[in-house]
Amino acid sequence: MLSSGSQRSSEIWADLSLLQQKLSKKVKIEPLSREVRLIGGCDCGIRKDKGIGVITVVELPGLREIEWSYWVGTIALPYRSGYLGFREVPLLVGAYRKLKNRPDLFLIDGQGIAHPRRIGLASHFGVVIDQPTIGCAKSKLIGDYREPPSTRGSYAPLLDGSELLGYVVRTKDNVRCLFASPGHRTDFPDALFWILHLTTGYRVPQPIRFAHHHAKEIQV
DNA sequence: GCGACAG
DNA sequence: ATCTTGTCGC
Ligand SMILES: [Mg+2]
Numbered sequence: 001m002l003s004s005g006s007q008r009s010s011e012i013w014a015d016l017s018l019l020q021q022k023l024s025k026k027v028k029i030e031p032l033s034r035e036v037r038l039i040g041g042c043d044c045g046i047r048k049d050k051g052i053g054v055i056t057v058v059e060l061p062g063l064r065e066i067e068w069s070y071w072v073g074t075i076a077l078p079y080r081s082g083y084l085g086f087r088e089v090p091l092l093v094g095a096y097r098k099l100k101n102r103p104d105l106f107l108i109d110g111q112g113i114a115h116p117r118r119i120g121l122a123s124h125f126g127v128v129i130d131q132p133t134i135g136c137a138k139s140k141l142i143g144d145y146r147e148p149p150s151t152r153g154s155y156a157p158l159l160d161g162s163e164l165l166g167y168v169v170r171t172k173d174n175v176r177c178l179f180a181s182p183g184h185r186t187d188f189p190d191a192l193f194w195i196l197h198l199t200t201g202y203r204v205p206q207p208i209r210f211a212h213h214h215a216k217e218i219q220v
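Here the numbering used here is used: the first residue of the first sequence is 1, the next is one more, and so on.
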């Protein structure tokens, strides 16, 4: 029973899983078409049932922040691995609509297609706004890989059997790897390239760091 | 039954 | 994600 009033908890997740299967069919993995000058960094802060979604816009070259927006909303679902998009996408869409600038690419704190149904947060958000996105997660959701050397720039493919999902990337010497995967309207080389080019001195890419900082301070 | 499990 | 101070190492 898709879309109804009250329903059993088990049915809710089953319905959301079906919805993800539909959404995943809209995901396009293709080379970034635009020239990238403005990049949007996305992250959310959540406490209890109140959440805030933040998007910062950084300019290239320089990675200087030129704008940022946020959106506050109520979180209806509890966290469950594989369903993060349903909690954070609404908040990010709200912030997206308040932006004055239009980023050429969005970097999101979460997986792209490296997801059980190939529709992680970055892909989900990308399909909803139909804009280029790349997923940049701090830990793994699914897939197998061999640990890359400890030097910045090292990487290894993230695989589900023989299917490539993304890359496990060392963005800084002697720190845990990041998990990069294309979200929507970007491809694997794009994910690897941008994750490394937007990382300077810190493990997490600057755009996402800025968004994270804003979400944390506003939430007070 | 056991282990994995984005944020 | 959030709860939380100082401390060890690059
Ligand atoms: Mg986050």
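Since the hints were derived computationally from the structure, they do not count as laboratory data.
Treat the hints with caution; some may be incorrect.
Restricting the straight-line Cα-Cα distance to at most 30 Å, the calculated cross-link-like pairs of lysine-lysine (BS3-like) are [unchecked claim]:
#	residue 1	residue 2
1	K216	K100
2	K98	K28
3	K26	K100
4	K140	K48
5	K48	K216
6	K138	K172
7	K48	K98
8	K98	K216
9	K138	K22
Hint-by-hint comparison with the structure:
Among the hinted pairs, K216 with K100 is consistent with the structure: their alpha-carbon atoms are about 22 Å apart, no more than 30 Å. A C-alpha spacing of about 25 Å is found between K98 and K28, which places the hinted pair at or below 30 Å, so the restraint holds. With a CA separation close to 26 Å, the supplied pair K26 and K100 stays within the 30 Å bound. Taking the CA atoms of K140 and K48, the gap is near 24 Å; set against the 30 Å cutoff, the hint holds.
A threshold of 30 Å between alpha carbons decides the hint, and for K48 with K216 the separation of about 14 Å falls inside it, so the pair holds. Restraint check for K138 and K172: satisfied, since their Cα atoms lie roughly 13 Å apart, inside the 30 Å limit. Taken as a hint, the K48 and K98 pair is honoured in the structure, with Cα atoms around 24 Å apart against an allowance of 30 Å. At roughly 19 Å between alpha-carbon atoms, K98 and K216 fall within 30 Å of each other, so this suggested pair holds.
For the proposed pair K138 and K22, the alpha carbon gap of about 26 Å is at most 30 Å, so the pair holds.
Checked against the numbered hints above, the structure breaks none of them.
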